[in-house]
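Undergrad: Here is what each chain is made of, one letter per residue.
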Amino acid sequence: MNLDPRPSIAILSRFRKIGIIGVPPLEVIRKANEHGLIIHDLDEPLVREDLETASPFLPRVYCAILRTAVVNALHLELDAIYVDTGPGKCDCALHTATILAEALPIPVIRTRNTDTEAFGTPLCQARHRLIERMLAITAGVKSAAPYQNQPPTCAPTAGFWGVPPRDFSILELFPETTHIYGWARCMENKTPADHDLEAEFNPEVPTVFFAQSFCAKTALARYLAKKHPHALYLDVDVHTTSSARAKVQAFLELSGVKA
Amino acid sequence: MILGDFGTSYCKFLDLAAPGGEPSIIATKELPSQTRVDLATGHLGKRFADRYVNELIALARGGEALIEEDEYVLLDCGSRDIKFIKYQNGKLADMGWNAECGASMGFTIELLERYYELDYTQLRVPEQTFSVTCGVLGMSDIFDAVISGVPVAEAVARFVKGIALNAYRFAGSPPHLYLSGGLCDNPLFVGSFPCQVTVLGRFVLLRGLEAEARQPNPPTQA
Chain A
200 MNLDPRPSIA ILSRFRKIGI IGVPPLEVIR KANEHGLIIH DLDEPLVRED
250 LETASPFLPR VYCAILRTAV VNALHLELDA IYVDTGPGKC DCALHTATIL
300 AEALPIPVIR TRNTDTEAFG TPLCQARHRL IERMLAITAG VKSAAPYQNQ
350 PPTCAPTAGF WGVPPRDFSI LELFPETTHI YGWARCMENK TPADHDLEAE
400 FNPEVPTVFF AQSFCAKTAL ARYLAKKHPH ALYLDVDVHT TSSARAKVQA
450 FLELSGVKA
Chain B
910 MILGDFGTSY CKFLDLAAPG GEPSIIATKE LPSQTRVDLA TGHLGKRFAD
960 RYVNELIALA RGGEALIEED EYVLLDCGSR DIKFIKYQNG KLADMGWNAE
1010 CGASMGFTIE LLERYYELDY TQLRVPEQTF SVTCGVLGMS DIFDAVISGV
1060 PVAEAVARFV KGIALNAYRF AGSPPHLYLS GGLCDNPLFV GSFPCQVTVL
1110 GRFVLLRGLE AEARQPNPPT QA
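From first to last, the protein sequence lines stand for chains A and B.
With positions in the first sequence counted from 1, the corresponding number in the working numbering is that position plus 199.
With positions in the second sequence counted from 1, the corresponding number in the working numbering is that position plus 909.
If you are wondering where the hints come from, they were derived from the structure by calculation, not from laboratory data.
Incorrect hints may have been included.
[Stated by the list, open to error] With a cut-off of at most 25 Å between alpha-carbon atoms, the simulated SDA-like pairs for lysine to any residue come out as follows:
| # | chain 1 | residue 1 | chain 2 | residue 2 |
| --- | --- | --- | --- | --- |
| 1 | B | Lys1000 | B | Cys1104 |
| 2 | A | Lys457 | A | Pro351 |
| 3 | A | Lys425 | B | Ser1082 |
| 4 | A | Lys426 | B | Ala1002 |
| 5 | A | Lys425 | B | Gly1005 |
| 6 | B | Lys995 | A | Arg421 |
| 7 | B | Lys1000 | A | Arg421 |
| 8 | B | Lys1000 | A | Pro402 |
| 9 | B | Lys955 | B | Glu931 |
[Stated by the list, open to error] Quick list of the computed label-pair ranges, beta carbon to beta carbon:
| # | chain 1 | residue 1 | chain 2 | residue 2 | range |
| --- | --- | --- | --- | --- | --- |
| 10 | B | Pro932 | A | Ala418 | 57 to 67 Å |
| 11 | B | Gln1031 | A | Pro255 | 50 to 60 Å |
| 12 | B | Ile935 | A | Arg444 | 26 to 36 Å |
| 13 | B | Val1061 | A | Asn401 | 47 to 57 Å |
| 14 | A | Arg247 | B | Gly1100 | 45 to 55 Å |
| 15 | B | Thr1107 | A | Ser254 | 46 to 56 Å |
| 16 | A | Lys457 | B | Glu980 | 21 to 31 Å |
| 17 | B | Gly999 | A | Pro258 | 25 to 35 Å |
| 18 | A | Glu276 | B | Pro941 | 49 to 59 Å |
| 19 | A | His394 | B | Arg1023 | 20 to 30 Å |
[Said to hold, decoys possible] Computed, partial: chain B to chain A, Cβ under 8 Å:
| # | residue |
| --- | --- |
| 20 | Leu1001 |
| 21 | Met1004 |
| 22 | Trp1006 |
| 23 | Asp1028 |
The C-beta atom is built at its ideal place from N, Cα and C for all residues, glycine as well.
Between the sequences and the hints, there should be enough to build the whole structure, so can you do that?
TA: Shown next, in the form of structure tokens:
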């Protein structure tokens, strides 16, 4: 495994298709864009393969997003994988990178994203379907271009704090005027290691603090939910269960949030 | 208008048009498949009605209808899951629904009573308890205790107390709680809580449905 990112950026021109896990530094994405590379965001479900195919490599009780990344890495034809293992990601990704480097015949390159240049968070504060805004935020990780045609900010009526979930269907329950906080906001801002931004929330609006089950961020989500005057802590594994949906639905309705 | 709370083990009904308005109850396994109601809640509710209210909302509305205080914790212990609603200053402050870990507690308690031919009204609350987080996983504690010489009734009582303590912690360990659900009828379970308990019975969700039904513009949930 390559430990130094600089030569890894230099060799990008040799590749045609790369996969990314987490948010690699903007310099990596910029060079990949310049060379016209196809970028696959391995954190999202991309292939129709059973999540169990990751089990020889990762425990079954493990972050569903990283298990998904492993399934993608095993089934997509990639030339290299860039895994962010810096303060903007997690130890689980670091260990996953180690395992993938041995399991795959392609370079698995660790990066350490400490970018501080803020791109802004217009989608997090816009009025639009939450699921589509989250899709746009995650798609944005594959581009280094500044945001164009930024949507206007709306007054929030609810909050969603957390990472983009493995199963986006939970987002269907929120009103269009839901503001996005947490790591998803850092993602749009292209500063995934900005822990201060990640910890921000709006105490004025009922907020769901979401984390993937078995993710270290469950601790932060629950801690912040306790500080927030009107919060629901929620962790979900692979799929949104009926009880998770019911909790969000009940929380929003009983908090007086209009759909 | 007929209301139905379709639980895993028992279904409860209330006909708002019937004189007296007393709820009825039937074992879920005996429920006719063609049953239809106007408004439903519960694990199986979506199959039997066009309009469905999720169980947490039904529980909260039931609590609002039955409890006069502004601050309370209402815990529902059913066959398949446990859930609670906490109100402060008349507003929702916390909630929880445990259908995965901590599941099948009520079902397991009833299963054990029948298998070992026990009568929970005759069992005293034991001093010791098992650390139980799940009805299924907790069974092995019973078997281990019986093998080591603990009488079956004592082992099952420890299990039931462990389940009550788990539910109590899940609800935030309040000094007083209102209890709802089928386990309200189990004196061993109710007596195992280490706090003051007010028993509301197994029809709280129906009362919540009734409150929803009487709303002028009720929200529709598919």
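Undergrad: With reference to the structure, classify each hint as holding or not holding.
TA: These are the hints, each one checked on the structure:
1. B:Lys1000 / B:Cys1104: Holds, at roughly 23 Å.
2. A:Lys457 / A:Pro351: Roughly 21 Å separates the two Cα atoms, so the pair holds.
3. A:Lys425 / B:Ser1082: holds (16 Å)
4. A:Lys426 / B:Ala1002: holds (12 Å)
5. A:Lys425 / B:Gly1005: holds (14 Å)
6. B:Lys995 / A:Arg421: At roughly 17 Å apart (the allowed maximum being 25 Å), Arg421 of chain A and Lys995 of chain B satisfy the hint.
7. B:Lys1000 / A:Arg421: Cα-Cα ~20 Å, so holds.
8. B:Lys1000 / A:Pro402: Within the cut-off at roughly 16 Å; holds.
9. B:Lys955 / B:Glu931: holds (23 Å)
10. B:Pro932 / A:Ala418: 57 to 67 Å: violated (43 Å)
11. B:Gln1031 / A:Pro255: 50 to 60 Å: holds (52 Å)
12. B:Ile935 / A:Arg444: 26 to 36 Å: holds (27 Å)
13. B:Val1061 / A:Asn401: 47 to 57 Å: holds (55 Å)
14. A:Arg247 / B:Gly1100: 45 to 55 Å: holds (53 Å)
15. B:Thr1107 / A:Ser254: 46 to 56 Å: Because 47 Å falls inside the window, the suggested range holds.
16. A:Lys457 / B:Glu980: 21 to 31 Å: Holds, at about 26 Å.
17. B:Gly999 / A:Pro258: 25 to 35 Å: violated (45 Å)
18. A:Glu276 / B:Pro941: 49 to 59 Å: holds (55 Å)
19. A:His394 / B:Arg1023: 20 to 30 Å: violated (54 Å)
20. Leu1001: holds (4 Å)
21. Met1004: Because about 6 Å separates Met1004 of chain B from the closest Cβ in chain A, which is inside the 8 Å limit, the hint holds.
22. Trp1006: holds (5 Å)
23. Asp1028: violated (32 Å)
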